[in-house]
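*Asks:* These are the residues of each chain, in order.
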Amino acid sequence: MMKNAFSIARKEFTDTITSKRLWLIAGIFLLFSIASTYSTSFSFMIGGQQAVRPMAQIASTIASTMAYMAPLLGIALAFDAISGERERGTLRILLSRPIYREDVVNGKIISALAVIGLTIAVSSLASVSVSILLHKVAVTLDDVARICIFIVFSIVLSFAYYAFSLFISTFSNKSSHSLIISIGIWIFFAFILSIISSFVTIAVLGPPPTRAIAVFNRTRRGFGNFTSPGVPASELEEYLSYMRKAAEISSIIQAFSINYHYTQITDSLFGFAAGPLGFGQRERTIASIPTVLSTRLIDIIVLIVFPIVFLVASYMVFTKRQEK
Amino acid sequence: MSLAIETEKLVKIYGNGKSMVKALNSIDMKVPKASVFGLFGPNGSGKTTLISILVGLLLPTSGSARVLGFDATKHSVEIRRRVGLLPEGFGFYDHMTALENLTFLATLDGIPSDQRKKRALRALETVGLKDRADAKVSTFSRGMRQRLGIAQALLKDPELLIFDEPTVGIDPEGAAEFRNLVRRMNREGKTVMLSTHLLYEVGMICTHAAIIREGRLLVQGSVDELYQSVRKEKGFRYEIRVKPGSEIPLQEIRSMPSVVEITQSDNRVTILSKNDMGSSLFSLITKSPYKDLVESLTPVEPSWEEIYRFYQEGG
Ligand SMILES: Nc1ncnc2c1ncn2[C@@H]1O[C@H](COP(=O)(O)OP(=O)(O)OP(=O)(O)O)[C@@H](O)[C@H]1O
Ligand SMILES: [Mg+2]
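Chains A and B, in that order, give the protein sequences. The C-terminal residue of the first sequence carries number 324 in our numbering, and the numbering is unbroken. The C-terminal residue of the second sequence carries number 315 in our numbering, and the numbering is unbroken.
Looking at chain A on its own, in the form it has when it is part of the complex (with noise of 0.2 Å):
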């Protein structure tokens, strides 16, 4: 019966959207997405040129930070979901009540959802609406759409870290262990695995072509223009070749981060940001919005089917699991 969820939910998403971590975390997010808009802006005057899409440009921005806060956001939501309620002793008094072990689990996801919708929803919008305001650029309908596309690849994103989260706080007798462990996979999908990714790629392939290198931070400064004059093509090409299988690599071992997936669909979505290689592909253009998503299937399938996994597994871990 769905009925007793519901009355979990609502008194679980009150509690949350009056709780301290979820406005510190928003506001975080805002302070953050804001601020690194007039960074990418700043650059951008500094090398006298325009982007090709302003609005993407503060987009990438901040989706940049997206893709660290809507981790933490899953995470503080879920890490003490159950084993906070566990702890505390309420999961008795509540178990005590002609429910089912579901209604619990299904209550915390249904606020949770709620939750994580609205802040990420919220936030984005507030973050982009006030860069614009401050940027004053232009924006158009395919803008907006893409904004939306960003928001629910986010929220995915969040969600997933959240199931994650919920499944170690169901078997968890201690939140602050639910806490490290979640935040440690965060930790190693947000920046170890990157870091060995390039290990790896210099294992395999070698240091970068240094004169490559060069070339590819004098283009760099004429934006999205990689052919600069004097640049013989051959170099180029070597340089091109060795982005390609880079990127290869990291995608192998980055397969099962979710976050790696997240900054793919977000990278070719703005078509600008730098993916977590640091020296990622840029794409000159930005490509249409059926084509980003064609694309990008794989990193969408991935990101969906993640929080899936993890919310059948936390079902089964805690439907089966008995409380004294």
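These are calculated hints, taken from the structure and not from any lab test. Keep in mind it's a predicted model, so treat the numbers as computed, not measured. Misleading hints may appear alongside valid ones.
[Claimed, not checked] According to the in silico footprint, chain A covers these stretches of chain B (three or more CB under 8 Å from chain A):
no., region
1, 42-53
2, 94-108
3, 124-138
4, 188-201
[Claimed, not checked] Covered by chain B, according to a simulated footprint, are these stretches of chain A (three or more residues, beta-carbon under 8 Å):
no., region
5, 2-10
6, 80-93
A virtual CB, placed ideally from N, CA and C, is assigned to each residue, including glycine.
Position chain B with the ligands against the provided structure of chain A, taking the given hints into account.
*Replies:* Structure of chain B with the ligands alone, referenced to chain A:
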């Protein structure tokens, strides 16, 4: 006699391999309807495990339990609809008030929305917390939390109440109020089962009791039956109070056939006898010279310590 709770060969094993603990070892327990049933046992004897199985929080390793006619493994939701439980080690939502906590729990109990607040307030009143209804639980003392715990078990006005160590942390006055509450509910025809490791608590309110040790029920039955069987083994004891300053001749009592031992201190004479000799003692003290010297004659019931020791040593 119809039963509120009945378990059959209930076994619960925690863990496996070397760390295996047999918390319940073939428990056959019968709790009659409209009784106050005390489950007495020392720490770690399996009380909480047994209670948790009854309401479906834990699954038995083998055996079965029926509560109010429902199977505890298959229909635990139906059981929880009818049973008010005070679990061990429970907690409340500290950031919410006592009333908010109870109305939320009343929602999950399936109490219609227009009655939740009324029921919650009534439960708070019953446990003496009505004037703290709007205070946050974080401001509550341990004893107040325990009272709130009792209140949440009363919300749905259940026909069976199961309390796991209800009086821990409650002051003597509160404990006395709790015992009155239990008696009152029992008069209304409700069944109350409570676990305790305090022997005197069993004696004070229970009509029935069971002693559990290391996962085994050593004995169960009505309190009278338990007294009786201990008396049969250990003898019957009577106390004669003599008027201050006077003494009674003891030869006649000593010559009665089943008397084992007579002890005398101040104005008290204690007689231990193999058999029930209440009526013969009574007719004795109504004769002279006793009738002018004796103030009272009372049978001394075995203390719960004695009963417990008796059954612990194997009955
Ligand atoms: N989750 C668990 N895992 C392993 N062993 C357990 C677990 N819970 C209880 N036990 C063991 O089962 C036995 C019975 O425990 P239980 O909590 O039922 O006792 P109790 O009679 O309620 O004790 P107390 O008076 O201390 O509350 C103990 O030996 C305990 O160590
Ligand atoms: Mg216990």
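*Asks:* Work down the list of hints and note, for each, if the structure agrees.
*Replies:* The hints, checked one at a time:
1. 42-53: holds (count 3)
2. 94-108: holds (count 6)
3. 124-138: Our answer is that it is violated, as 0 residues pass the Cβ test (under 8 Å) against chain A, missing three.
4. 188-201: violated (count 0)
5. 2-10: Satisfied; 3 residues make the cut.
6. 80-93: Since three or more residues must qualify, the claim that chain B covers the region 80-93 of chain A holds, with 5 doing so at under 8 Å.
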